[in-house]
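Respectively, the protein sequence lines represent chains W and X.
Note that the numbering used here has the first sequence beginning at 1, numbered continuously upward.
Note that the numbering used here has the second sequence beginning at 1, numbered continuously upward.
Incorrect hints may appear among the rest.
[Claimed, not checked] Using 25 Å as the maximum straight-line C-alpha spacing, the simulated DSS-like pairs for lysine-lysine come out as follows:
| id | chain 1 | residue 1 | chain 2 | residue 2 |
| --- | --- | --- | --- | --- |
| 1 | W | 180 | W | 88 |
| 2 | W | 185 | X | 180 |
| 3 | W | 88 | X | 17 |
| 4 | X | 10 | X | 37 |
| 5 | W | 10 | W | 88 |
| 6 | W | 61 | W | 106 |
| 7 | X | 88 | X | 72 |
| 8 | X | 88 | X | 64 |
| 9 | X | 37 | X | 17 |
| 10 | W | 180 | X | 185 |
| 11 | W | 61 | W | 89 |
| 12 | X | 88 | W | 89 |
| 13 | X | 88 | X | 151 |
| 14 | W | 180 | X | 40 |
| 15 | X | 40 | X | 64 |
| 16 | X | 17 | W | 89 |
| 17 | X | 17 | X | 60 |
| 18 | W | 64 | W | 118 |
| 19 | X | 118 | X | 151 |
| 20 | X | 89 | W | 88 |
| 21 | W | 10 | W | 106 |
[Claimed, not checked] Computed footprint of chain X on chain W; a stretch qualifies when at least three of its residues, placed anywhere within it, have a C-beta under 8 Å from a C-beta of chain X:
| id | region |
| --- | --- |
| 22 | 81-88 |
| 23 | 140-149 |
| 24 | 152-163 |
[Claimed, not checked] To be clear about the criterion: a stretch of chain X counts as covered by chain W if any three or more of its residues have a C-beta under 8 Å from a C-beta of chain W, and this derived list gives those stretches:
| id | region |
| --- | --- |
| 25 | 97-110 |
| 26 | 158-170 |
| 27 | 219-228 |
Since the hints were derived computationally from the structure, they do not count as laboratory data.
On a predicted model such as this, the values are computed, not experimentally measured, just so you know.
Think of the CB as a built atom: it goes at the ideal place given N, C-alpha and C, for glycine as much as any other residue.
2 protein chains.
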Amino acid sequence: MAQTIRLYIKEDLAPEKTIILDENQTHYLRDVVRADKNTKIQCFDNKNGEFSSELISLEKKQGKLKIIQKIKEHTQSPDIWLLFAPLKKDQTDFVIEKATELGCRKIQPIITQYTITKNIRLERYIAQSIEASEQCRRTDIPEISEAQSLKDILRGWDNTRTLYFMDESLNSPNFLTALKNIQTKKAAILIGPEGGFSEEEQKILRDQKFTQGATLGPRILRAETAALAALSCWQLISGDWSH
Amino acid sequence: MAQTIRLYIKEDLAPEKTIILDENQTHYLRDVVRADKNTKIQCFDNKNGEFSSELISLEKKQGKLKIIQKIKEHTQSPDIWLLFAPLKKDQTDFVIEKATELGCRKIQPIITQYTITKNIRLERYIAQSIEASEQCRRTDIPEISEAQSLKDILRGWDNTRTLYFMDESLNSPNFLTALKNIQTKKAAILIGPEGGFSEEEQKILRDQKFTQGATLGPRILRAETAALAALSCWQLISGDWSH
């Protein structure tokens, strides 16, 4: 069971092209997977698809790849976004990794009234989403946006994108009903921080035309569990798990 | 936002009863949540429901609770089991915690041909499932079974319980179709190890009347992600998220 090595490459890929790997990728190939000259590697560029390639040199600080041919068309993940209030470090790492595996197109950190962690580490999130994309065989990578306040997000919202918010107050229909009632192609899932939404935020959320509250059963889910569960449910009913 | 303190108590609860807490619970109350004499605590016993109680003493190694009254009836979580091949320590911890939050009734470690971790730490799993039950406000705790080989599990299987196995070979219908086609009240979800099922195991799984393969979309999910995603989907369609 030799593992396929997959790498996301920041520049456009095409057959015959030579790619110079950055220091992190070179370190990964040399020291983590212990690749050699001639090792086959699959590359994708978030635009032109996936390509076979071969390692043609692997010096200490720089490796070079030769692209061979296209092996898979580029596919964009379903048009689902995750809006979440950053959690403690490990939980945020976890949300980024899992949301990527679960085929989320965009991940948007949001600041709400009860958000505890204001330490948004965008570069770390991007690195993790790329690693997870390589691992789960996406040909695209999720867009990771700069943190915004919930109010600003709502103000600039595109009305044709349904925003499902997970409602701990249990005043909303269950998520299956919510998903069946509103069938928009574009959607987003909003998960509050551990303390939930403030009353003011709940009111604002209910007052928008594009929002839909939903519940995820009788147990209290941690924020990261709710994020994953909601993404899975959306994929099952409205995303690419139903093809 | 004072947090409710919830404790699982191993003995039967009833109003007026005095409960002697064990050393771990006493340590948790003294040093983690910094409870005092008179602190209100909610208790459940996995049988008689949830009770309000008050801490009547909190010595260094022993605390005592006085049960006040029943505040919630006992509810069993839906009849869904998770069968999973143990993973690395952190990932297994994660699966136990999340499966508990997602309302899994029984968690069964299984040994398959490609299972790498044979180090089954049942006591740790039990402790974690109790902690997660306290946190997510279950009134029951999941049953954690001794590890068994996949073959033994299949040999003793109750035919009326559908066993959904997540099929990386993509030869199975999607999970939504599988869930809609087979509507049994009792079900189980089987997740293989990172290396998947062996060909022999795949054949055996396909040959049983009570099994149903299912896919979870085009991306490759890590085992722990697949476990959570599948439990969420089952709850959405067949469990208590649809009430």
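Cross-check of the supplied hints:
1. For the hint linking residue 180/W to residue 88/W, the alpha-carbon distance of about 33 Å lies beyond 25 Å, and the restraint is violated.
2. The hinted pair formed by residue 185/W and residue 180/X meets the criterion: a straight-line CA distance of about 23 Å does not exceed 25 Å.
3. Distance restraint check for residue 88/W and residue 17/X: the Cα-Cα separation of roughly 39 Å exceeds the 25 Å cut-off, and the hinted pair is therefore not satisfied.
4. Proximity of residue 10/X to residue 37/X is assessed by CA-CA distance (about 21 Å); at most 25 Å being required, the pair is judged to hold.
5. Straight-line distance between C-alpha atoms of residue 10/W and residue 88/W comes to about 29 Å, which puts the hinted pair past the 25 Å bound.
6. At most 25 Å may separate the alpha-carbon atoms for a hinted pair to count; residue 61/W and residue 106/W exceed this at roughly 32 Å.
7. A hinted pair counts as satisfied when its Cα atoms are at most 25 Å apart, and residue 88/X with residue 72/X does not qualify at roughly 37 Å.
8. With a C-alpha separation of about 37 Å, the suggested pairing of residue 88/X with residue 64/X is violated against the 25 Å cut-off.
9. The straight-line distance between the Cα atoms of residue 37/X and residue 17/X is roughly 17 Å, inside the 25 Å bound, and the hint therefore holds.
10. Of the supplied pair hints, the one linking residue 180/W and residue 185/X holds, its CA atoms being roughly 23 Å apart against a limit of 25 Å.
11. Annotation: proposed proximity of residue 61/W to residue 89/W is violated, straight-line Cα distance about 30 Å (limit 25 Å).
12. Among the hinted pairs, residue 88/X with residue 89/W is consistent with the structure: their alpha-carbon atoms are about 20 Å apart, no more than 25 Å.
13. A distance of roughly 22 Å separates the Cα atoms of residue 88/X and residue 151/X; the hinted pair therefore holds under the 25 Å criterion.
14. For a cut-off of 25 Å, the pair hint linking residue 180/W to residue 40/X is broken: about 42 Å separates their Cα positions.
15. Proximity of residue 40/X to residue 64/X is assessed by CA-CA distance (about 12 Å); at most 25 Å being required, the pair is judged to hold.
16. A distance of roughly 42 Å separates the Cα atoms of residue 17/X and residue 89/W; the hinted pair therefore is violated under the 25 Å criterion.
17. Restraint check for residue 17/X and residue 60/X: satisfied, since their Cα atoms lie roughly 22 Å apart, inside the 25 Å limit.
18. The hinted pair formed by residue 64/W and residue 118/W fails the criterion: a straight-line CA distance of about 39 Å is larger than 25 Å.
19. Under the criterion of a C-alpha separation no larger than 25 Å, the hint pairing residue 118/X with residue 151/X is consistent with the structure, at around 16 Å.
20. Proposed proximity of residue 89/X and residue 88/W is supported: the alpha carbons are some 20 Å apart, at most 25 Å.
21. As the CA atoms of residue 10/W and residue 106/W are separated by approximately 18 Å, the hinted pair is consistent with the 25 Å bound.
22. Given as covered by chain X, the region 81-88 of chain W fails the check, having 0 residues with a CB less than 8 Å from a CB of that chain where 3 are the minimum.
23. Using a Cβ-Cβ cut-off of 8 Å, 0 residues of the region 140-149 of chain W lie near chain X, which falls short of the minimum of three, so the contact claim is violated.
24. Remark: the region 152-163 of chain W is not confirmed as covered by chain X, as 0 of its residues place a Cβ nearer than 8 Å to a Cβ of that chain, below the required three.
25. Against chain W, the region 97-110 of chain X contributes 4 residues with a C-beta closer than 8 Å to a partner C-beta. That satisfies the three-residue criterion, and the hint holds.
26. Interface restraint, the region 158-170 of chain X with chain W: violated (0 residues with C-beta to C-beta distance below 8 Å; minimum three).
27. Residue count for the region 219-228 of chain X with a Cβ under 8 Å from a Cβ of chain W: 6. That meets the three needed, and the coverage hint holds.
In summary, the structure is inconsistent with hints 1, 3, 5, 6, 7, 8, 11, 14, 16, 18, 22, 23, 24, 26 from the numbered list given earlier, while agreeing with the others.
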